[in-house]
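Under UniProt numbering, the sequence shown is numbered contiguously, ending at residue 372.
It is worth saying that the hints were derived from the structure and are not from the lab. Each residue gets a CB set at the ideal place from its N, CA and C atoms; glycine is no exception. Some hints here could point you the wrong way.
Dumping the calculated EDC-like pairs for lysine to aspartate or glutamate here, alpha-carbon to alpha-carbon at most 16 Å [as the list claims (entries may be wrong)]:
hint, residue 1, residue 2
1, Lys148, Glu106
2, Lys148, Asp171
3, Lys148, Glu162
4, Lys148, Asp272
5, Lys148, Asp116
6, Lys148, Asp110
7, Lys164, Asp272
8, Lys148, Glu190
9, Lys164, Glu205
The following label-pair restraints were derived from C-beta to C-beta distances [said to hold, decoys possible]:
hint, residue 1, residue 2, range
10, Leu165, Ser68, 41 to 51 Å
11, Gly301, Gln92, 15 to 25 Å
12, Ala167, Thr132, 18 to 28 Å
13, Arg359, Glu129, 19 to 29 Å
14, Arg356, Asp32, 33 to 43 Å
15, Arg370, Pro308, 14 to 24 Å
16, Pro223, Glu129, 38 to 48 Å
17, Leu335, Gly302, 43 to 53 Å
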Amino acid sequence: MLIVATGRDRGALAAIRAFRAAGWYVGVGTPDGGGVLGSSRASQASYRVPRPRHDGRDFVEGVRRAASSGSFDLVFGGGDDWMAALSAYREQLPLPVAHPPFDVVETVLDKMLLADHAASVGLASPRTELATDEALAGWDGPVVVKCKEHWAPDQTQSLRIEAKLFATTDDAVAQVARIRAAGAQPILQEVVAGSLGALIGVFHEGRLHGRTQQVSTRLWPTPNGASARAYTVPVDEDLSARVEALLRDLGWHGLVELQFLTGDDGVPHLIDFNGRFFGSLALAESAGEGLVRTWADLTLGGPAPTLPDARPGRRYSWLAGDLRRARVERRNGLLRDVVASLRWALTAQHSTLSLRDPRPSLALARERVRRR
1 MLIVATGRDR GALAAIRAFR AAGWYVGVGT PDGGGVLGSS RASQASYRVP RPRHDGRDFV
61 EGVRRAASSG SFDLVFGGGD DWMAALSAYR EQLPLPVAHP PFDVVETVLD KMLLADHAAS
121 VGLASPRTEL ATDEALAGWD GPVVVKCKEH WAPDQTQSLR IEAKLFATTD DAVAQVARIR
181 AAGAQPILQE VVAGSLGALI GVFHEGRLHG RTQQVSTRLW PTPNGASARA YTVPVDEDLS
241 ARVEALLRDL GWHGLVELQF LTGDDGVPHL IDFNGRFFGS LALAESAGEG LVRTWADLTL
301 GGPAPTLPDA RPGRRYSWLA GDLRRARVER RNGLLRDVVA SLRWALTAQH STLSLRDPRP
361 SLALARERVR RR
């Protein structure tokens, strides 16, 4: 298996470990030729693969070099831009791409198109509009500003500018300008107050296999970031049925994580679609029975799996993010919050930290020391 990603991608790290545990030969391609991913004992070969920018020629050549140097059956992209580029340039690559066709990938990465498809199957999503001058002038109340999509052919710089919450559109003007300056389209999204959750699985022939549902209790950056703590819960059958309808409508196949915000009314609002490795993948892998392995097997033509739902009550910790959150939030005081983070971490599955594979954590620590 060849995985191309940024060198610090936590989801890709979980996938590398899972593939190696399943007996696969694993290589990584990153812009620096290794990084944290390359330091893992699960990575058996490292290659330099530039990020997909401009006409994609350097990216394609990097993937070709990596593929010619190792015995790889499939290539996976670790982030949205890597996934989209592999899908877009698949005809130029010498090995199969695990992701769906580019028109499908392009749709799920477009926040406005995704909201339209969600509405067609009865899934709620926040009100979303292009951030035109007219929309900014007419918007009332707080707003989340995001990029409409995270990758497009011929882009020259990253379109992955993280979503930010603003009290008013006046406060959001600078962020809108920043996104436009990067060559992306900014959108305005309604603020939905609620807890972050996700439904995860491998979609194949109309069904979601190995279903994993999780709820996040701490986020970083706070208050609208990635899961710093999460745990698995029983699957909501109604939500799962609507998600399967959405995935059928989109023409999706393979691994998927759909993120929802659920408020006091109990209605889940779809806010993100991750059709690739994601930050808390280590939780889904530990609570279930081999999502990434199953994804690879199916892509290579293997039989449909019989995967049970993930076991409820399993915990996840992104400890570095949780400690940074504690330094900011200081729930019941800094010391108590830090102690609570450490207690949670003792019984949790970690995104990076591993006693069996300590080098990625050490590599991250060295990077942080060098930046100071």
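Hint by hint, here is what the structure shows:
Our distance criterion of 16 Å between C-alpha atoms is met by Lys148 and Glu106, whose separation comes to about 11 Å. With a C-alpha separation of about 19 Å, the suggested pair Lys148 and Asp171 falls outside the 16 Å cut-off, and the hint is violated. Using a Cα cut-off of 16 Å, the hinted pair Lys148 and Glu162 holds, with the two alpha carbons roughly 11 Å apart. A distance of roughly 11 Å separates the Cα atoms of Lys148 and Asp272; the hinted pair therefore holds under the 16 Å criterion.
Between the alpha carbons of Lys148 and Asp116 the distance comes to roughly 13 Å, so the proposed pair stays at or under 16 Å and holds. Among the hinted pairs, Lys148 with Asp110 is consistent with the structure: their alpha-carbon atoms are about 6 Å apart, no more than 16 Å. Among the hinted pairs, Lys164 with Asp272 is consistent with the structure: their alpha-carbon atoms are about 14 Å apart, no more than 16 Å. For the hint linking Lys148 to Glu190, the alpha-carbon distance of about 14 Å falls within 16 Å, and the restraint holds.
Between Lys164 and Glu205 the alpha-carbon distance is near 36 Å, which puts this suggested pair outside the 16 Å criterion. Against the hinted window of 41 to 51 Å, the Cβ-Cβ separation of Leu165 and Ser68 comes to about 46 Å, which satisfies the hint. With their beta carbons about 22 Å apart, Gly301 and Gln92 fall inside the hinted range of 15 to 25 Å. The beta-carbon spacing between Ala167 and Thr132, approximately 20 Å, falls within the hinted interval of 18 to 28 Å.
Here the CB-CB span from Arg359 to Glu129 is close to 46 Å, at odds with the stated 19 to 29 Å. At roughly 24 Å, the beta-carbon separation of Arg356 and Asp32 lies outside the given 33 to 43 Å, and the hint is violated. Taking the beta carbon of each, Arg370 and Pro308 are about 44 Å apart, not inside 14 to 24 Å as hinted. Checking the proposed 38 to 48 Å range against Pro223 and Glu129 shows it is violated: the Cβ atoms sit about 22 Å from each other.
Roughly 51 Å separates the CB atoms of Leu335 and Gly302, a value that falls within the hinted 43 to 53 Å.
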